[in-house]
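Novice: Residue numbers (the working numbering), protein chains in the order written: chain G, 1 to 402; chain V, 1 to 390; chain Z, 1 to 466.
Any given hint could be a false lead.
[Said to hold, decoys possible] Mimicking DMTMM-like on lysine to aspartate or glutamate, the simulated pairs with C-alpha atoms at most 20 Å apart in a straight line are: (1) Z:K199 with G:D155; (2) Z:K196 with G:E11; (3) Z:K459 with G:D155; (4) Z:K199 with G:D173.
Keep in mind the hints are simulated off the structure, nothing from the lab.
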Amino acid sequence: MLKNILNKIKEFDTAEDKEVRSSKLYGKAALYNTPNEITEAAAVVAGKGYKKFDIYTPYPLHGMDTAMGLPPPKIGYVSFIMGITGTILALVMMIWMSSIDYPNIIGGKPFFGLPGAIPITFESTVLLCGIATVLGLLILFSKMPKLNSPLNDTDFMKHVTSDKFGLVIETGDEMYIEDEVLNLFSKTNAYEVQDIYFRESNLTKKTPLFDKKFTMAIIITGLMTAGVAYVTLNYVLYETVPFNWMWQQGRIDAQSKSDFFPNQSGMRPPVEGTVARGFVPYEYQGMPDSVVKLLSNPVPVTVKSLERGQDRFNIYCSPCHGYTGDGDGRLRDQFPKPPSLHNEKVKNWPDGNIFHVMTNGQNVMPSYSEQVSKEDRWAIVNYIRALQRAKDASEEDLEKAK
Amino acid sequence: MDYTKKPLPPIVAKLGTGLLGVGLVLVVLSFVTDTHRAFFDYLWMYMFLVSIGVGSLALVALEYLVGATWSTPFRRISEFLAALIPLLVILVIPLIFGMHDLFHWTHEETLLNDPLLQAKSAYLNVPFFLIRTAIILLIWVVFYFLFIRNSLKQDDTRDPLLTKQSIKFSAAFAILFMFTITFIAIDWMMSLEYHWFSTMFGVYYFAGTMVAAFAAGTFCSVQLNENGYLVSNIKDNNYYSFATLLFGFNVFWAYIGFSQYMLIWYADIPEETFWIMMRMKGSWSYFSIGLIFVHFVIPFLILLPRSSKVKPKLLTVISIWLLFAHAYDLYWIIMPSYFTEGFVFGWSELGFLMFAFGLIITVFRMRAAKSNLVPVGDPKLEAGLNFHLN
Amino acid sequence: MSLDATYTKEIPLVEGGVSFKDIDSVIALPTETKPTKGWWIAFLISLTALTIGAVSLGLTIYYGIGMWGNNQPVGWAFGIINFVFWIGIGHAGTLISAILYLFRQKWRTGIARFAEAMTIFAVMTAGIFPIVHTGRPWLAGYLIPLPNMNGVWVNFYSPLLWDVFAVSTYFTISFLFWGIGLIPDLATLRDKTTSKVKKTIYSVMSLGWTNSNRNWSNYERAYLILAGISTPLVLSVHSIVSFDFAVSVIPGWHTTIFPPYFVAGAIFSGFGMVSTILIIVRKIFNLKHIITLNHLETMNKILLATGMMVGYAYGMEFFIAWYSGNTFEQFIFINRAFGPYAWAYWIMVSCNVIFPQLFWFKKIRRSIPITMVLVLLVNVGMWFERFVIIVTSLHRDFLPSSWAMFTPTLTDLGLLLGSFGFFFTFLLLFLKTLPLVSISEVKAVMPGAQPTVHPHPVKEQLKITN
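Kindly generate the complete structure, drawing on both the sequences and the hints.
Specialist: What follows is the structure in structure tokens.
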């Protein structure tokens, strides 16, 4: 199988060129030996008024454009116009995207800051200008691809791409007269004259681009590429590490099963007596009030602690006890009314007792140790003391306050 | 080659002397009325003359170094423009007396109260400053005489070895030029605002001097050539080269200027941006935006089409335009330190500008009267006259 | 001083009195013959390096860039160093083909094609690194301003985005430049070859080019325009690469001289690499008549000049760091020269500034073995320049608590080696498949190639008799 293919390729590679040209003459071609001869010949031909003639040289010759009487090349206009287009497109794109469609402040700069936009504007100008120049040269000005040009695959072409200089006058020129042309060639020291015939395909005026087979091949290639891309992007990549957006990761979700431990739990239970960070247990949990003499207030009375206490008190205590501790909170009549914090019992309690009630709860009041931190509870104690003192204010205090 | 020396037309002498005379009167008047402002104007003028004189010498060196032939028929013109260099030594003297007016860092009380200045006082102090300026001027003068001596000698002896020697001088000068132009820019212009610093500053001034010196050379070359003072038959190909290089130098200036501005704008560090902010205050902001158009956009668009590169009239206009653009650029660098609220262009500034142009023309005329306008003995001359682009 | 005043004469660009036909055969020879043993050895070495690189790349893509030695605060290291290094190498090609074309330096013809190919491969190599550095290279489409489901656009003020535009533009334009230069040569090969398979391939690739002067006329102008736009493009690309660093506020990175400094460095390193490879290529493929000693000498002069520009920038940075009075700036520069990475700094200075000073001597400029050593040192020095700029500026952050050292991992080294493998594999394939010297351009500068007469058409209207 493989051998067969290889043989076929080899056969094709070494086969004789079997192309048969039509009998219609494309033009007369003359070959010259030196650059000077060809330049002079070009000037003579141009001077005679031929239009459909061309010079073929292995490399560009200086002064040939003048000798042939060619107008200056126009490709610069294409480059210039497309370059300007690139500039404008880049600026419009950046202005629209970064200051109209989705304005974003970046680094304290304006939405559109020209100095920062210059690099991209410049690159875009060059990109469009360059692509336009090349495409313009190949397609607009050189009419390429022209693989089936009558001149290609001829002996003449073999010479002018290597070391000879050629001149072709086409039969299509309105001044074409064979004798005159041959005369001209011999006068200008052409060392050889050749006939160039049209290919059959040149005469049918069919563009190979629209050939049925070719078009089908393009369509099939396109469809296959699109199909492979679609499947890869939508199915293959979404399942494959590392392209799958980190959906699969080396971790165990909460409550999920794992085979790592014998009891198939994903996590180990904490060791007995483990204390979570920041959750120091209350050592007199559930004990009677009598233990309170062991507790002393660690939070000194400062403006800061009182403010903190007021803050916490207003959030957690005031719903029942009221903002002043009179027991007339916002929940009155919906919940058992708590006793006033200003009665003699509470006033005579040591600080620790109030703390103990807050931490341990009392009657219908639950423990607040979950919501209020230890320091904050002591701060609330301080604040309650302040409330009690304020309730007892005398004339003297007014004087002092002044 | 058919070169016969012709004396320059009398209009040159008249123009030069006229500008010089009127300029001198205005300069003196300026010093009498407002000494402080006059010193800033004087510095501006001095830096402009440095650009033309030293820049021209650098162009001469560049030609030797890269072995360019197209510019050989015009090399004398740059050499004559470089004749400003010996004068720079004399012209610097008034500036030395104006240092107190120009530079804040020379003030005793500034030094005492400014820790940043104390940190750099090993560099920014008057004796070292003067020594640096003296060394730099000495280097320029020595190389000027070396180059011009060799070049003039070659007119008589036609000795190609002199060219070889000049190539060696050029290699040495190219390096020294880069350092001298950098330090003259740092000393005389950057230290006006002694807190400010930019590593690009030397390159920025260098780019400016190249534009100015090349514009001056282009102007003189085209004028002299069109009126038949040089070897006949020099045309399009050489003009095209002038225009292309002018274009190239100018784009290079814009590139350097843009990079310096953009980097400061983007990083937004107060110790750098204040220099830009000084140039954005009041009417200075219009002046700054004007700089972009005067120095870059307009010359760029005019010089871009291929057809405009071979028109001698257009080249004349654009080279004069770029000379003024460089003066504009230097004004933008120097004057915000004096006119802090907004730019002012009065008779005083005009006088200094006239004086500068008068001086350039006069020096050129006097130098040109003494020698050939074409380096007739240069071995590269023949190639330069037959220069073809393709 | 001897009396040979060679500078006054045109130095012949092609030596040994060869003819046009000889040029065809000498240049086409490598494409027509089976690879030699030397080529195979070189190819296998490159392929091995490429494989190592591919494995490292695979590891990086699979596990992420944690495989690299990057850390806090050295967040940029080998990836960006290699990127800047290869982009820099890529600058010589366009410089030779565009800037020297504009300056009418005819000696460029012998080396332009080869250098352009090098540019393309170097830019391809460089392009790998920033894309991989994004961490998820398969999402690189987000670098392009395309509408997406988030409704947000790319940040046009990020120098990294400027890089995307600059590098892709640079690659495209270099490729086009190289491509249209190849067309006439492919036409020559098409008509020279006897194999029909090759002929078909060359025919398609040359798009049916006929060497017609009406086409040459536009071709030359298009070439000039491309050279004209490539010149500022070369400057802009490495300037934009320098902006990656210079727009930041990192001491040692934020300095205004960076753009021209980087461009000079890029040309310097590019010429270093071109010289290194050319010296070998001209020997292996027997191109001594086309790539002459004069070419190498001129390149050495350019190396000397650009090396000094780089030296100027080193000096200026140091001086202004001191002059600024900014203690952070001063610290970073003293740390560069005398800190833990001082060895890298001094490798950089000696390879880039000190050793190239030897090129002042004509004898050394024209001695191939010494040139070879020096240009190899330039390659090393320029890699270390990027190392110094990136690593030493980052490894000492503003706070001493965030100081760290950078150590490359095996993956880092594998990628560096792989980048050379990638580059040389492409280069070696290019050498065997396409003409490595521009045939038409070399022919055009040969002695006697251009007409000495410049006639204008003489109007003598032919009488139409019938």
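Novice: All the hints need checking, so say for each whether the structure fits it.
Specialist: Hints and how they fare:
{"no.": "1", "hint": "Z:K199 with G:D155", "verdict": "14 Å, holds"}
{"no.": "2", "hint": "Z:K196 with G:E11", "verdict": "10 Å, holds"}
{"no.": "3", "hint": "Z:K459 with G:D155", "verdict": "32 Å, violated"}
{"no.": "4", "hint": "Z:K199 with G:D173", "verdict": "31 Å, violated"}
Violated hints for the displayed structure, listed by number in ascending order: 3 and 4.
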